[in-house]
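Novice: So you can see what is in the structure, the chains are spelled out below.
2 protein chains.
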Amino acid sequence: MQPLRVVQLGVGAIGREVCRLVLERLNLHLVGAIDTNPDLVGRALSEVLGLKEDCGVVISNDTEAVLEAHDPEVVIHTTSSRLPEVVHQIELAARHGANVVSSTEELLFPRLNRPGEAAKLEVVALDNNVSILGTGVNPGFVMDTLAVAATAVCRKVERIECRRIVDASTRREPLQRKVGAGLSTAEFQSLLAQGKIGHVGLTESVALIATGLGWRWERIEQKTEPVIAEHEIQTEFFHVQAGQVAGVRNSGWAMIEGCERIRLDLQMYVGAPDPFDEIIIRGQPNMTVRIPGGTPGDLATAAILVNAVPIVADAEPGLLTMLDIPIPRCRR
Amino acid sequence: MQPLRVVQLGVGAIGREVCRLVLERLNLHLVGAIDTNPDLVGRALSEVLGLKEDCGVVISNDTEAVLEAHDPEVVIHTTSSRLPEVVHQIELAARHGANVVSSTEELLFPRLNRPGEAAKLEVVALDNNVSILGTGVNPGFVMDTLAVAATAVCRKVERIECRRIVDASTRREPLQRKVGAGLSTAEFQSLLAQGKIGHVGLTESVALIATGLGWRWERIEQKTEPVIAEHEIQTEFFHVQAGQVAGVRNSGWAMIEGCERIRLDLQMYVGAPDPFDEIIIRGQPNMTVRIPGGTPGDLATAAILVNAVPIVADAEPGLLTMLDIPIPRCRR
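Residue numbers (this note's numbering), protein chains in the order written: chain D, 337 to 668; chain C, 337 to 668.
Be aware that one or more of the hints could be misleading.
Intra- or inter-copy, both count: the list cannot distinguish identical chains.
[As the list claims (entries may be wrong)] Derived SDA-like pairs (lysine to any residue); straight-line CA-CA distance at most 25 Å:
1) 456 / 560
2) 388 / 420
3) 492 / 659
4) 532 / 448
5) 532 / 340
6) 456 / 525
Simulated from the structure, these hints should not be mistaken for laboratory data.
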């Protein structure tokens with residue numbers, strides 16, 4: 337089997353992890369890397385990644401030229417959380433005949449919050465005979481796909497709860513900033529209102545679970561609150577005093593036939609004492625699936641994007657969700 | 337959407353659970369039930385199931401006639417563990433244009449131990465434009481599919497261990513008998529040699545994991561040992577004295593590039609104090625997935641068979657494994 341030609345679109349923190357991983361995989365061949373950041377354009381990717389061996393890729397800001405030159409089977413897309421900001425990037429890749437695996441959180445289940453963009457991408461995917469998938473760890477796996485998969489052995493499901501507790505102090509600096517560590521409550525609320533902090537994708541996870549189980553929702557809602565530090569915390573990047581914001585708690589839920597049948601609880605804060613992921617299914621049988629320590633976000637997000645590449649290359653054309661494909665797996 | 341027409345082939349303990357469940361599902365319509373047991377043939381299925389309402393199905397021993405009359409989209413097949421004993425049943429269903437979901441343990445990964453039957457079924461499936469899948473809880477989910485799914489978030493996997501500890505005293509009588517509860521060690525070894533006790537399917541689980549991860553094995557092996565009761569145990573069905581057999585321990589492993597990289601450890605015995613399922617992935621990241629209490633075998637086996645029905649009806653034709661399809665989920 338020829339390795340699949342892959343272009344990386346977005347060479348930020350996650351994109352760099354993706355590139356490292358694609359370069360390790362025997363079944364994938366990294367043929368191009370795209371970013372608009374002037375600090376990156378024109379530089380050798382290997383140098384940016386800190387690799388000794390040159391992989392022969394130079395970072396370009398000309399998406400069309402890279403796609404034309406390398407005709408990739410798959411574009412891995414990691415630029416932004418919001419679909420309207422990136423839909424043109426994904427469209428461009430699809431129009432060049434590339435399948436797309438994207439970390440854009442709203443693309444996990446785009447029909448929920450971005451029906452216009454979803455419809456557009458569906459048409460573009462079918463017209464160009466490619467598939468487009470949004471995935472990741474959260475959203476994408478631990479609070480949605482894995483929960484749906486766990487119901488494989490259930491006769492009946494009444495309710496699903498997922499909890500993910502992340503100790504943000506073990507994560508990269510932008511993530512600690514994104515959860516609001518070190519802010520006052522007023523600053524937190526102000527930045528939250530501006531969309532500058534907080535998590536994107538929880539309602540998409542709720543919708544994915546509901547759809548997987550064939551549940552029609554009356555409404556899907558979410559709220560975001562600060563987690564307040566009870567004592568002083570010092571991370572590598574932030575100093576948080578007692579009473580300041582330690583991080584964020586994002587809850588999402590679905591009302592289905594008058595009942596709250598899905599509840600997701602995501603807490604990401606510095607100093608969380610016992611990180612874990614947990615899925616609790618109430619039904620026949622009742623079932624708990626637990627990942628002690630939790631799934632490490634950054635490393636794992638890059639991994640699932642890369643692991644999804646052969647699956648998406650092989651999938652039926654269209655705008656896909658994680659419900660439509662075999663679950664990605666870690667292949668050499 | 338019209339409900340899928342389903343025929344149940346095999347009305348033993350698991351088959352009855354399957355029927356109950358199919359009757360509950362809005363997306364499925366149970367149109368026939370087949371068994372050769374003279375105690376069942378000609379009886380109303382509802383009566384055998386102990387249901388008040390008549391579902392209109394009479395148990396037949398004439399497979400061809402049932403398939404002809406009802407033209408099912410899917411046959412759920414639960415008759416025996418060994419593929420050579422049942423391959424003609426599966427073939428017959430496929431030749432009538434029915435997709436097949438089967439609990440036959442050796443069908444989880446038939447190419448491993450039954451390559452002849454596998455090749456035959458592959459041809460029959462393609463010729464008749466149907467898909468054939470072997471699944472279940474174990475083999476089928478907790479010690480194989482779920483382990484592969486968990487690697488979705490892994491950058492690298494070095495080794496996978498799965499452990500499943502089942503308290504057989506909570507299971508049905510045939511299962512307690514199958515694990516050898518109450519036997520002497522000599523009786524256990526004798527019945528084991530005759531293939532009358534023990535678990536079927538562990539090497540198939542090993543092969544499924546290895547294939548999912550793209551690992552080529554030098555060899556896959558397994559061994560079965562008795563678990564000896566340390567103290568007296570009384571179950572609903574068996575009395576086990578200290579020193580007698582409490583149950584079975586079945587280990588399976590794969591040697592890959594000279595290393596044991598997969599190890600499965602299945603213990604099913606009466607009085608197991610702390611039942612659980614556990615998947616331990618050594619790699620990047622290390623990861624543990626745990627199901628406290630474990631997945632209850634009988635109920636869950638029926639559930640995953642039924643949950644696989646719409647997925648298999650929708651799948652590409654061929655002899656499939658759990659790696660080829662979206663993971664089944666519990667839909668209403």
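Novice: Each hint should be assessed against the structure and marked as holding or not.
Specialist: To see whether the hints hold, each was checked on the structure:
1. 456 / 560: neither (30 Å within a copy, 56 Å between copies)
2. 388 / 420: Neither. Shortest intra-copy (38 Å) and inter-copy (55 Å) distances fail the 25 Å Cα cut-off.
3. 492 / 659: Both, since 18 Å and 24 Å are each at most 25 Å.
4. 532 / 448: within (21 Å within a copy, 53 Å between copies)
5. 532 / 340: neither (36 Å within a copy, 48 Å between copies)
6. 456 / 525: Neither: 34 Å inside a copy, 65 Å across copies.
Comparing the model with each earlier hint shows violations of hints 1, 2, 5 and 6; every other hint is respected.
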